[in-house]
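Dock the two chains into a complex; use the hints.
Protein chains in written order, with the numbering used here: chain V, -14 to 266; chain Z, 82 to 382.
Think of the hints as simulated: they come from the structure by calculation, not from any bench. The beta-carbon is built from N, C-alpha and C at its ideal position, and this holds for glycine as well.
To be clear about the criterion: a stretch of chain V counts as covered by chain Z if any three or more of its residues have a C-beta under 8 angstroms from a C-beta of chain Z, and this derived list gives those stretches: (1) 15 to 28; (2) 73 to 86; (3) 100 to 108; (4) 111 to 119.
As a plain string of letters, each chain reads:
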Amino acid sequence: MSDQMQQPSSGRKGKKALPVGHYRGLGSWAVVFFIFLYLPIVVLIFYSFNANRMVMNWGGFGLDWYLKAFQNDDIQQAVWNSLIVATVSTIVATTIATMGALVLARGGSFRGKTVSLGLITLPLMVPEIVTAVAVLIFFSAIHLNWGLGNVIIAHITFCIPFAFMPIRARLEGMDTSLEQAARDLYASPWEAFRFVTVPLLMPGIVAGAMLSFVISMDDFIITLMVGGAGSTTLPVYIYSMIRRGLTPEINAVSTLLLLVSIAIVTAYWILSKKTQQSTVH
Amino acid sequence: MSNWLPKSAAGRRWLGLAPSYFVIGIFMLVPMIIMGVFSFLEPNPYGGVKPVGSLAAYVKLFFEYDLEDNLVFNPGYLNIILRSFQLSFGATLLCLIFGFPVAYYITLQPENRRNFYIYLITIPFWTNLLIRTFAWIIILGRGGVIETPLLWAGIIEDSLRMMYTDGAIAIGLTYSYLPLMVLPIYASLEKLDFRLLEAASDLYANRFEIMTKVVIPLCKPGIIAGCILVFIPCLGAFIAPNLLGGGKKLMLGSLVQFQFASARNWPFGSALSMLLLSAVVVTLIFYARAARKREVTEGSA
Chain V
-14 MSDQMQQPSS
-4 GRKGKKALPV
6 GHYRGLGSWA
16 VVFFIFLYLP
26 IVVLIFYSFN
36 ANRMVMNWGG
46 FGLDWYLKAF
56 QNDDIQQAVW
66 NSLIVATVST
76 IVATTIATMG
86 ALVLARGGSF
96 RGKTVSLGLI
106 TLPLMVPEIV
116 TAVAVLIFFS
126 AIHLNWGLGN
136 VIIAHITFCI
146 PFAFMPIRAR
156 LEGMDTSLEQ
166 AARDLYASPW
176 EAFRFVTVPL
186 LMPGIVAGAM
196 LSFVISMDDF
206 IITLMVGGAG
216 STTLPVYIYS
226 MIRRGLTPEI
236 NAVSTLLLLV
246 SIAIVTAYWI
256 LSKKTQQSTV
266 H
Chain Z
82 MSNWLPKSAA
92 GRRWLGLAPS
102 YFVIGIFMLV
112 PMIIMGVFSF
122 LEPNPYGGVK
132 PVGSLAAYVK
142 LFFEYDLEDN
152 LVFNPGYLNI
162 ILRSFQLSFG
172 ATLLCLIFGF
182 PVAYYITLQP
192 ENRRNFYIYL
202 ITIPFWTNLL
212 IRTFAWIIIL
222 GRGGVIETPL
232 LWAGIIEDSL
242 RMMYTDGAIA
252 IGLTYSYLPL
262 MVLPIYASLE
272 KLDFRLLEAA
282 SDLYANRFEI
292 MTKVVIPLCK
302 PGIIAGCILV
312 FIPCLGAFIA
322 PNLLGGGKKL
332 MLGSLVQFQF
342 ASARNWPFGS
352 ALSMLLLSAV
362 VVTLIFYARA
372 ARKREVTEGS
382 A
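Chain Z extracted, bound-state conformation (with noise of 0.2 angstroms):
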């Protein structure tokens, strides 16, 4: 039966291998080397490319050709990238906020309601993203959950218009992936060993100094890796700027599938896909070299 095998074993590890190799390095590797290639090539004005090269994407970024055809700067797509990073950012920082609490509020339970919580938490970021998006417009809209009742009391008397804002994108995206933050953040938490904070008891440390000199320094990887694992979805969304920015409010992630879908500028597309790229390959170096950092640290401890 085993005979097909092959009969070495490093036969048999790239024999089981390369299945793996084989799907993604042609329908993910290879796609993005050409997606790159593509990025310094001419537009084919009905989508695709022209094979000429040009950095005509790239300068695309920063600048634009006036009546003149004299190059001048155009800080409109740089203005949507700075949003990008600031509304991502601004997401992580909520979902830290808000996670961080409620990763450490479980850790205090017993163990099997800690693993109902959990439970609870994976339900959410297991369904689909865009349903839980939309049912966002049924509750910040015009007439929506929120504003009705209000309207009704007569505490507002013309609607908040909290839709298309962004405001509204910073809180579908926090609701996107906050399970993100709360994961890895109760991960390491569930680690710590709480006889450290009797002893910062003992020594006259404070609730306040507990927190932040013990528990917070502890479990720092988690903290870390919950922020990497929220911003770089973040920059890259689509779904929450589409429905919850109407498509005005334009993200990274909305800017790249317009570019695809409406504008037909493929190499610009790329261009930009590029950026998102290396903006997720800063932010995983970043944080490998923290890890590496602290493993040096605890080591020499």
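Bound conformation, chain V alone (with noise of 0.2 angstroms):
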């Protein structure tokens, strides 16, 4: 792979005949690509500094909105309902995730594997406003009324998937010769699935939950409309800011909302990074 990108990518020193597969303008157009990718994210955090009383006129420099939206209880409120409903549904769907990707990953083919896949793979084909609907009307047809439990419940099966996925890729490229040698050397089946496969899917695992964690974190829609009086959580918070006026203190609060999230996918990024490498060398 990498003997076949060095060809053009040495060539790329000699800038007055573009080696071939070459193009002119396309690092400028990568430029403009990832300014548009970004300005929306710098715009929103710069605003968030405005210490005017609306986001659009620029009042000097202020922290005034960080402190104002501290103090605010309802945001208290829908931040501890986004962490509750997040913890809650990462563990829930984590586990229900692993245990599925080690029978799919390691259970050899069997009938129904296909189905089983696509069932679980079911939300993320699913538009998530018809997933919403869904959920709202099979709640209230059973006259389910758990509050931040309905909300749980719905996160929970839209994780499924996400926590899956990265498990399933690190036990489809996990070696099984450790887990056979435990059992050489007479460990149970139990043992060897405890003390061998356990530790080596660990960061399988952590990636699937700190992936649903932020997918919970961020969910919206199905929030909206699952999640009656009293189970707002911040997205859903965020959004009756915006429809009631726009002040910076939406800035401030999807700030660190962004924030967040961003340090959560980094952390991500660096230990599939390393993950990479270990399972390499």
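Shown next, in the form of structure tokens:
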């Protein structure tokens, strides 16, 4: 793979004649692309320091809206709800996904494997608004009114595939020889699983848990439809703030949520890079 | 410790899969079936349904009753559906035009830099969509980031009125799902053998021909996958039409939400969801058939 890449990139130094496969303007196109991708994020963070009451009118630099957001009881409640929902959903979804991934990656081929895979990845294929509406109808049909519990059930459902994918990828890239060695050394199947498979699988499980946590923290549409009064999560609260009028308080809260997501995804990226290296060596 | 586990491999298999089946089956598959049933029932004026069979929800997609109770053709909802498809198609095309050169550019970079670019592309994807779309209000809106400098420099004299237009929705959709276009295209370009490009060049293909006759055909699976990954969520989008279209320029997704949140016509909302779902299924079938066709032609080659 890397040899193939070397040829065009080694020829990059001669700027006059463009090597085969290179095109003029690609670099500038990419620059415009990344500006487009990051402009909204930069603008959002920048305006969170606006001291003015209106987002659009710049009234000088200030941390006023961060202070205001921290003192807002509704925001605190929404943050708590988001954290509870994301934590519980992540733990349950990751456990379920790990069990499923073990069977689907290690269970050999069996009847119903494709169907099982399809079912687990179903939440990825159905448009979010359809899931939201279907779950809303279902909860009302069976008269389930658990408040935050309803939201958690919905979140567990759509978090399963996000936890499942990295775990299965890890399992498929894992060598079974260590587990066999453990069995040869008289470890019981449970011991081999507990002390060999699980530690080796851990990076996949952690990655899966991180993705579900981020997905659950960020979910808006499903929570908006399923959650009743009193089960407002942070994104739903932000939406109600946007509807009420644009103040930099929205930017301040959003910036904090943004930073949490970026921190988790960065940790995930570093982790997956490390595991890539550890499986290569 | 492991005594409680079923002895047979099949038993253990189903024990491992049972929780997934239970959760996704009961809280996703069954609700979708109930939704399908609801779309054939009569609405209850205060939300919910009456257990009376009716095709009214589907009739409402195309017709309405006039003052004399005659059924007349009503293109209102059809127009919204049509606009959803147009906007989704437009956004998919914009993503492709904007994203493909970037995916290609990343492929040309040395490996560690490639990984970093991919990381940069995935970051916005994992951050909250609502927040990212909200940021576009500040950029496009009256007195926003684009208008203010133009007004100040005297290039424009009045507001550009970019918000609450189809264009604003298209930009929002493109922005929302751009990473979903770039990533699969990059994945298939990464496997591209660059010696083929050299070979084409040796055979007197010019740059344009190398791109259209070698690179694009070889990464077609990635392009198709990217287009589908963008098109499907666009079709059901709720946030972009709601925030950037101001709730007046409805799309299918926002229309569905409206039926449950405000209009309280559950059967009609269910029928719209079924329509959305069938559009997704048709798209996926098209994709699966294209993939199978490719497998067959590659197998015979």
